[in-house]
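With chain P's structure known, arrange chain D on it following the hints.
Chains as they are written, first to last, in our numbering: chain P, 1 to 805; chain D, 1 to 170.
Think of the hints as simulated: they come from the structure by calculation, not from any bench. A hint or two may mislead.
Cut-off 25 Å, straight-line C-alpha distance, at most; resulting in silico cross-link-like pairs (BS3-like, lysine-lysine) [to be verified]:
id	chain 1	residue 1	chain 2	residue 2
1	P	Lys154	P	Lys318
2	P	Lys777	P	Lys347
3	P	Lys347	P	Lys287
4	P	Lys640	P	Lys285
5	P	Lys618	P	Lys589
6	D	Lys152	P	Lys47
7	P	Lys47	P	Lys686
8	P	Lys669	D	Lys152
9	P	Lys686	D	Lys165
Not everything, but these chain D residues come out facing chain P in the computed CB check (under 10 Å) [stated by the list, open to error]:
id	residue
10	Ala28
11	Asn125
12	Gly135
Covered stretches of chain D (chain P as the covering partner; in silico rule of three or more C-beta atoms under 8 Å from a C-beta of chain P) [said to hold, decoys possible]:
id	region
13	45-51
14	81-91
15	105-118
16	145-153
Glycine included, C-beta positions come from ideal geometry on N, C-alpha and C.
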Amino acid sequence: MSASDPREERTILAGIVGDSLRSVTRPIPAGEPPELPPNAELRVIGKRVNRVDAVPKVTGEARYTYDVQLPGMLYGRIVSSTVPHARIKSIDTTAAEAYPGVRAVHVLDRILSIAQLRDPSVEADERYPLVRYHGQPIAAVAAVSMRAAKAAAKLVRIEYERLPHVTSLEAAMQEDAPVVFPGPTEQAATAGGGGAAPNLPQEGNLRGPARGGLGGGPRGDVQQGFAQAEHILTREYSTQVQTHTPMETHGLVADWRDEELTLYASTQFVLSVRDEAADVFGLPKEKIRVFSEFTGGGFGAKFGIGNYGALAIHLSRKARAPVRLMLDRREEHVSVGNRPSTIQRLKLGAKRDGTLTALQVESFGTGGVALGAGVGFCHSTMYPIPNVLTEHYDVFTDAGPSAAFRAPGQVQGIFALEQALDELAHTLGMDPLALRDKVDTNDADDARARKVERRIGAEHAGWAQRRPPAADPGPIKRGLGMAQSQWAYIVHGTTSCEVRIRGDGSVAVMTGAQDIGTGTRTIMAQTVAEELGLRTEDVDARIGDSRYPAGPAAGGSRVTSSITPAARNASYAAARDLAARIAPHLGTKPEEIVFQDGRVFARGEPDRGLSFADAVRKANFDEIVHRADRREDYEGYRAKLGDLHISKQALGGVQFAQIAVDTETGVVKVERVVAVHDCGRPINPKLIESQIYGGVIQGVSYALYEERHLDPETGVQLNANIDQYKIVGSRETPDIEVHVIEQLGRQSSTDARGVAEPANVATAAAIANAFYNATGKRIRTLPMTPANVLAALRADDRNDDEEPA
Amino acid sequence: MDDSTAPELVSLSLTVNGRPCTVRVDPAATLVEILRDDLGLTGTKIGCDRGACSGCTVWLDGEVVASCMTFALDAGGRSVTTIEGLARDGQLHPVQQAFVEHDAMQCGFCTPGMVMSCAHLVESNPDCTLDDVRGAIGGHLCRCGAYPNIFKATLAAATTVRQRKTRGPA
Chain P
1 MSASDPREER
11 TILAGIVGDS
21 LRSVTRPIPA
31 GEPPELPPNA
41 ELRVIGKRVN
51 RVDAVPKVTG
61 EARYTYDVQL
71 PGMLYGRIVS
81 STVPHARIKS
91 IDTTAAEAYP
101 GVRAVHVLDR
111 ILSIAQLRDP
121 SVEADERYPL
131 VRYHGQPIAA
141 VAAVSMRAAK
151 AAAKLVRIEY
161 ERLPHVTSLE
171 AAMQEDAPVV
181 FPGPTEQAAT
191 AGGGGAAPNL
201 PQEGNLRGPA
211 RGGLGGGPRG
221 DVQQGFAQAE
231 HILTREYSTQ
241 VQTHTPMETH
251 GLVADWRDEE
261 LTLYASTQFV
271 LSVRDEAADV
281 FGLPKEKIRV
291 FSEFTGGGFG
301 AKFGIGNYGA
311 LAIHLSRKAR
321 APVRLMLDRR
331 EEHVSVGNRP
341 STIQRLKLGA
351 KRDGTLTALQ
361 VESFGTGGVA
371 LGAGVGFCHS
381 TMYPIPNVLT
391 EHYDVFTDAG
401 PSAAFRAPGQ
411 VQGIFALEQA
421 LDELAHTLGM
431 DPLALRDKVD
441 TNDADDARAR
451 KVERRIGAEH
461 AGWAQRRPPA
471 ADPGPIKRGL
481 GMAQSQWAYI
491 VHGTTSCEVR
501 IRGDGSVAVM
511 TGAQDIGTGT
521 RTIMAQTVAE
531 ELGLRTEDVD
541 ARIGDSRYPA
551 GPAAGGSRVT
561 SSITPAARNA
571 SYAAARDLAA
581 RIAPHLGTKP
591 EEIVFQDGRV
601 FARGEPDRGL
611 SFADAVRKAN
621 FDEIVHRADR
631 REDYEGYRAK
641 LGDLHISKQA
651 LGGVQFAQIA
661 VDTETGVVKV
671 ERVVAVHDCG
681 RPINPKLIES
691 QIYGGVIQGV
701 SYALYEERHL
711 DPETGVQLNA
721 NIDQYKIVGS
731 RETPDIEVHV
741 IEQLGRQSST
751 DARGVAEPAN
761 VATAAAIANA
771 FYNATGKRIR
781 TLPMTPANVL
791 AALRADDRND
801 DEEPA
Chain D
1 MDDSTAPELV
11 SLSLTVNGRP
21 CTVRVDPAAT
31 LVEILRDDLG
41 LTGTKIGCDR
51 GACSGCTVWL
61 DGEVVASCMT
71 FALDAGGRSV
81 TTIEGLARDG
91 QLHPVQQAFV
101 EHDAMQCGFC
111 TPGMVMSCAH
121 LVESNPDCTL
131 DDVRGAIGGH
141 LCRCGAYPNI
151 FKATLAAATT
161 VRQRKTRGPA
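Okay, chain D solo, but in the shape it has when bound:
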């Protein structure tokens, strides 16, 4: 690139979906930009690019963040989980499976972000209530209006996670 006025690219190492990777990034780049443009992980969406729609939600060291409001460099040495990394060994996460069964989507553009927040909720609080679900996605926007099914799906997934925890690991 002959972008001579651009700042010098710097090296960034981080773990994405369990895989260590190193990319050269513009210091001003956001996490969502490097996920999508450099790593090709386009499942994470940009809806507003100012932290208002939560379409870009990922996990950073296990906590939900808006990746459009996170500098890529701030993810250095840390672990990022994106929607592409949620399913394990070809098995959908219980929230993903419940979203499919309850049709918790229409156009699907907000879905990856919704799934990341709802999956975080059921993992951290399998006893979550409807109010907890409303709160967990309070910063997400779904313009198609899939909320009623997102509520049902997340509560159903929480039940699955609870049962798994009671039964212990398979």
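Here chain P stands alone, though its shape is the one from the complex:
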């Protein structure tokens, strides 16, 4: 669709169902299906339908990349650096190659997924890529068994010339710190996010400042804004490194043949696997085929082929046999992504009535050897603050590269911003919800949603019964806090779906997407079933093949928003096609044909109709095939970064947390969370609840437990496993109550939007605000380990707030 396509103005009811539906006028492109009514009037969309691929998941039939077995398949094993920073003097693979059962050994000549020198000639005389972190992949071995591959990998001899290293954010910012990259660097974003703005200054390990980003550049004049303020609050917050830890590690099965390269990928975006393989190996995209039937979690880190994938392909090419290379748990923690740590200094100015006048943020983050350690866009996009200045510095350390991680940056940024808001409310003697009512007034869908969500959440969380800070006299102190969420409403530009009605009455829908656990097949099938009057299980939804019509990346909460309009438009076209063929048999006109409850009939005459299968047989065709692209949103986008199209609207969400703090031991327990969210038109509340549970649980885990520990002396991650890298388990899972509103934005043919990221954004801030309500003390350092909690409880609360007026 382009702006020049013919459009018609349609007046439609838009807004929040049950709260504020109003008439809006939208410029709708010609041929767009009629707008859908609220979910209550639909039969499949909006219903709690079971996940269509739940049965293979509970029976073990679901085949993940880890489970792929091909005839003659070899096992790959990576050789990683054992030092954090070094020049490689020599690599001797002789003994490994001679080891029985070994079929190929490959040494990497470039490292993917990290920052790259703007001027590579600075290191051009190096024979091997420099080692910049402990655990960096160097080579790999393929052998007939995993045992042989592991034994041979140990025989690769690497001679290092050590260089000084630095592993912590604070140490790397020192003037005399060892420098990780000897010159300025760049790193483009992946489809999942990450990366950094180009051409920024770089001195030592500091690259920046980046001003603005997705939220736009600086706004107004912060000095003037602070001059107008009657209260100025300046605070520092810090957050830790969190690793993604998907249950299925990263990995790839590569099958190199002269005629075609076939890849089986545990990925969030099959086309990114194809495209990076094409780029690295100089192959035409048509000669690469990528399969991804099931992916065992991703959370932002599974894009492209990565170094492990490049190694698998090299090994397959050399060995002339398929190679499966899956990372082990240590490699997964260390080498394929994490959420960067941050230090954030916020200065917030307000009038005594709560009006915000200025916000200034200086932030530092380290993504190890990767860029993209920012703190999100919330500062500019969430509240209409007239004067905003954000300055962010990426800080390099000798640590594994960061990658996009569920609401990259925004989780860290909101942890600080929503605590500052809470603190401001208390300072001004306002209820934190009343302050949000006053300041959360952007003319955008997320602000409209949060207004309703605050009311629902307050009611269910018992906000009215909330006690003053530190009300419990004993050592166990309970409290209730809230924080707000925001994430972009994103559409993946190049998205197509194909719908086929076959002569036997069966229906299939396909797109080259993948499923990381959100239920991609299910929402596709529901959308098609609604249009054709079928049940979800009647539609065969196919994904996970790069030869299908292009599907979206599963990152940034954009699968449902991208796929469902394309699926609906394709099935609408198929339905109209079938209607034209069957209408004469039913003695009516095509536009009078209705598809409902598995039947096809003339409007008003359901008894005279046919079953869907009989109608197809009567129409007598081999196959009807219709394909539709995801059209642009009716009112366009705020920005387009390649296929990442960002709406002027956004996703909201409000969360309330009830916690208990043991002030003697420093142990925090999250007892209950009320999470109220919006995702446009909810396609399947059952799956949406699952995602929100997951977002909240990951948020609790981030707030309380997770932290990568690097040994500063050796650069070794001390807890690169599942037992010592603590993640919320069954015993720490709080009671979670989810509420989802139905918001009809009227920007696409389904109104569907995502929910994965917003569900994860507000949790840590809500818990921190509950901590204040429980104890009367602020905790501005994550995670809330006993040590950090006891330090916060002991801290002197005096601040240097200014009251200039």
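Just chain D now, with coordinates in the frame of chain P:
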């Protein structure tokens, strides 16, 4: 295989999902390795390979074990039930059925292990409480955070098993 430095393979007989089988194994092989690589039963997952995530949970003589922490040879002469063997005559186990209905999964990679532990719980203690469920999967990791639905599903399945026991065999 020309792996001349590898130890000699030894013969191992065991029963898997009710079917007797004999495989030749490396004495150092773990149970999960032979299930997945030799018997093709890839429903049992490897998440950590050190007994910390329980993704590899199977039943050994009716008791739950981490198959990544069990030597294959220690399963000799014994009976192993994997996720592939839980459904009977095409009928899902009540826990499997409840997992489907309550959406007790997202990516699904931890699901087979979860199902094995929860099925063991409801069979051995159909009167289980929420705390029992939390305890039964206390060693399992689900990174997607499906726990609330796993709790609901397992308690619902326990009710089904209880009712079946009261009614007696059909």
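Honestly, which of those hints from before does the structure not fit? Result: hints 3, 9, 11 break, sorted rising.
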